[in-house]
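Chemist: Using the supplied hints, reconstruct the complex from the two chains, each of which is provided in its own coordinate frame.
As they're listed, the protein sequences go chains H and F. Under this note's numbering, the very last position in the first sequence is 186; numbers go up by exactly one each time. Under this note's numbering, the very last position in the second sequence is 1418; numbers go up by exactly one each time.
Worth flagging that the hints you see were computed from the coordinates, not collected in a lab. Note that beta-carbon positions come from the ideal geometry of N, C-alpha and C, so glycine has one too. Misleading hints may appear alongside valid ones.
Here are a few chain H residues that sit away from chain F, every Cβ distance over 10 Å (derived from the structure) [to be verified]:
#1 ASP55
#2 ALA98
#3 PRO114
#4 ALA146
#5 ILE150
In silico BS3-like cross-links for lysine-lysine, where the CA-CA straight-line distance does not exceed 27 Å [stated by the list, open to error]:
#6 LYS158/H to LYS1003/F
#7 LYS30/H to LYS112/H
#8 LYS1274/F to LYS30/H
#9 LYS1274/F to LYS1252/F
#10 LYS1252/F to LYS1003/F
#11 LYS56/H to LYS1003/F
#12 LYS56/H to LYS30/H
#13 LYS1252/F to LYS1234/F
#14 LYS1003/F to LYS163/H
#15 LYS1224/F to LYS1274/F
#16 LYS1234/F to LYS167/H
#17 LYS1224/F to LYS1234/F
#18 LYS1366/F to LYS1252/F
#19 LYS163/H to LYS56/H
#20 LYS167/H to LYS1003/F
#21 LYS1043/F to LYS163/H
#22 LYS99/H to LYS112/H
#23 LYS1274/F to LYS1366/F
#24 LYS1311/F to LYS30/H
#25 LYS132/H to LYS99/H
#26 LYS99/H to LYS111/H
#27 LYS111/H to LYS56/H
#28 LYS1366/F to LYS1311/F
#29 LYS163/H to LYS132/H
#30 LYS56/H to LYS1252/F
#31 LYS56/H to LYS1274/F
#32 LYS1308/F to LYS1274/F
#33 LYS1274/F to LYS1311/F
#34 LYS1311/F to LYS1252/F
#35 LYS1366/F to LYS1308/F
Non-contacting residues of chain F with respect to chain H, defined by C-beta distances greater than 12 Å in every case (computed) [claimed, not checked]:
#36 THR1029
#37 ASN1093
#38 MET1205
#39 GLY1206
#40 GLY1210
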Amino acid sequence: MFQVRIHGRGGQGVVSAAEMLSVAAFEEGKHAQAVPSFGSERMGAPVVAYVRIDDKEIELREPVLEPDLLIVQDPTLFSAIDVFAGLREDGYLLVNTAKTMDELGIGEVVKKLPAGNVAAVPATDLAMRHLKRPTPNTVLLGAFTAMSDIVQIDSVFKAIERKFPGKVGDMNIAAAQAAYDTARAD
Amino acid sequence: MLKQVEGSHAVAEAVALCRPEVISAYPITPQTHIVEDLGTMVKAGGIENCQFMLVESEFGALSACIGSSAAGARSYTATSSQGMLFMMEAVYNASGMGLPIVMTVGNRAIGAPINIWNDWGDSMSARDSGWLQLFAETNQEAVDVHIQAFKLAEELSMPVMVCMDGFILTHAYERVDIPDQVQVDEFLPPFQPRQVLDPIAPLSMGAMVGPEAFTEVRYLAHHKQQLALNLISKQAAEFEAVFGRAAGGLIKSFEAEGAETVVVTMGSVIGTMKEVLAGMREDGIAIGALTIRSFRPFPGDALRAALKDAKRVIVFEKSVAVGMGGILAMNLRTALQDLPIRVHSVIGGLGGRPVTRANLRRMFDKGIQDQLEEPHFHDINMDVVEREIEREQADRRSGAVAENILTDVGVVAAAKAI
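Okay, chain F solo, but in the shape it has when bound (with noise of 0.2 Å):
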């Protein structure tokens, strides 16, 4: 049924209509009103056989679903930012045991200095956790990719991120079909675990490993993501199938086939980018993108094929290793090592920095030409970095850098609006 909801609201729809039996979560901006949504549908009656479990942090929300799930109970958390580094060792435990837990991440820079707004930092902290980690474009893609996540991490029995671009997604009022429970029945059976406490057939779950055993733990975990590879595309034909439109899956080509310069990326920028794509492409300059829709496991192999006749991609990203440079791009560069391609990294939208088709046209321009420094940082103001690096040149008691930068920048939190 066609609604004009929140997206987040969207999202507790598709999670309800999932039959999830244990949702326990703490709230953090951008993900708050997707669990506020579902803890008033539970308390309303509204989803069957579903306790709503209150808990004091982000780590105890998934130590709860840790616990629901090894229990055989159909299990889901969302978070955001620093919640996710709050539960961290749960994240680990819940991949490393292999529970298969459905968890929104309302996509939100990590601090310091503290921001609430997008970028991608919180999902890539917990990349090489064996969590999958699924990106959604659009809110309609939120929905859909939220009932496959239930339906890929009890097949494969290990937990699915679906990530969702903070406030852009989260907090964008826009049409969405919301499914009916009939369709979801259909696509998704009840929960069949692969192992579970259970006092009449006792076991323990979470057993400590030795050297003699670990690596071949880890090697089953990564062995799942190979699964998961052709597993992903199968459930996103099965959705298809059963709703009737496409959704998910590993990567999705925009004008990419045969194009020269081709732009990867994730996520909802694709929306501001295909207008200028467009216009490129009527400029005359073979130009399209490409978006990873299934970052963990990395669709090298699906990449690999997409872009062999390209010259050239410009990878752009909302994060940055720190000392390295861009993830995504590092990532891309390794799946494509043995292809003449070059491959330019762009990080952009950090900390929610708006990414505008004007500030993209400016950046494609010079990418076609080969002319980004690496990597490029996006629509970053030089003059306040130079400044604050000649101040700590000039003085060793030069400040604090954020504080330092937001006076350059003239900006004061009550001033800024737009």
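For reference, chain H alone in the conformation it holds in the complex (with noise of 0.2 Å):
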């Protein structure tokens, strides 16, 4: 079973990433359960959601204490709750921004991680570019299927369009299609 735990604020798309990676896992034939955790149900509020996937049924259903992959859409979060609890030591850690891990503060536990496995991705820009809007969860969907094989790249494309038909479909598949580039390039 592959866990992944997602931190956000509300706003930020939190929840429809864990859901379009549910259902990438699912057009591949796979199992997965995506679940949120609010706070207060209010924009700018931390949020987290928990996504599941496996061969077989998922019968679990508490917080994902030990995530596989950590995907952080906010990175004001860090000083406001651990948000690295339980990320497994050969664990993927996917973090939204345009600085360096030291200079977010978090060069220490990084440096634990396997290489590979860590990414810094400009989310929010290449969101900004793309579509106009400052929500950076498809992009972060692409950029981690570039450095796993757990979910591929055109599953999370027919996801994106299966939420988001249309044109805002064709933009947000675009960026996250952008954000493999770039992860595939580094």
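Modeler: As structure tokens, this is what we get:
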């Protein structure tokens, strides 16, 4: 079972990201579970979403305590909550930032993870360019598919199309593709 | 057809397949997506011969359903938590009158303190009302049990609430097999009311009943629930024959046969428990679980039969009767009273407190040693509790309990995430 925890704030598409990742896995014939965890139900409040992907039915319903992948859509959360709790030592970390990990103050944590499992993606900037909106979620999903084989980029595209039909979907696919290409190049 | 959808959406699709004629509901977290999705479907013309009545409140919603059901229309609503309380007069009205309304309850704690997360407080508040109460363990089950619920309600002429854990199920995206219309039509015939308001054959419904007849009316409602015990099993079998999978029924065993210790619970928590119990069995501990699918009617006979060889039962419930103890535990103890079984009452998951494999294992390990207090509040932080008790003993003006606890736990709403 592959477990994902996505951190962000209300309005950044954390829950949609989890949904789309689960749909992408479903498109590949896998079982997937995506569940949100809200604090206050308002824009700007911390939001966490959990995703589990497996080849068999997923029966576990606890929060994801030991993620294999941590996606951080908002780096201001590092000082607010323990984002890294339980991250597995061979886990992946994807952070939405134009800064370096050291500049974010998390350089020490990142050193313990395998090289190639960590990426800083300026997802908000990419989103502004392709979507004209600062919603980093599809960008981050695109970047992740370049880092591992858990889901393929085409499945992510299908999930995006399902969620955002038409022009909005196309723009999100372009943004995800751009992030994928950038991550691949790194 | 297999789909990866949110639980709420799966329920909306299931309800739509049941050909409801009137849907009247008011949104409340965590059921909102169900009624929004149904509203969207109705507006798009996706549900034939169905009217969505907008109302000002939950009380309005269920009252509208009472009217439409009385007029012979298959009627549906949904609520949670405070919404259940707001419609409580109508809840008792619907069952008192024997109207086969189906209602989804997205299980959520009742305030104060205000809490949007999952526990069974809302359903429990209506447990004496005469409504049938069916609990779903997965979103697949939620789909399947809603379809069974309409048939059950109409056969009995009694309303049915389908209970599903809020957020854990309602907001979980998972793989669900949505049946097709042909299958649902084969299983669920058109609504044939026992009583109907019709200007051509006028009658009155909801008459005042005095001391001379009230007992008999109440008895017959209780009798209907006894009939339901057989009907639920019978219709679950019919469901399996048509749809090719088992769902619903009164209870389900998870390796409980012959187990010395049996955990009894309801709803989605069984999913997390299964792995823990399998691990304990690997460690040589004879433990299994039973889930109760029908809470009302309470399947006493089925439970007695299933638990006759158990030495010990650990009841895990997301509910508490303040001043008395565990509600499910009390119900079970009554059903098992003539059997030599030790019943432990564990109250957990209140207000959405996460139930994890780790905290379950710790609790089960104590349970098999019969070392759980009565009742045992699962995962409780007694340091914080004791601090508040000391505060109250030291100072008359000790402040609001909830706010004091939040401060002590170190949680400020904006900072809590996991």
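Chemist: If any of the earlier hints don't hold here, list their numbers in rising order.
Modeler: Failing hints, ascending: 7, 15, 16, 24, 27, 36.
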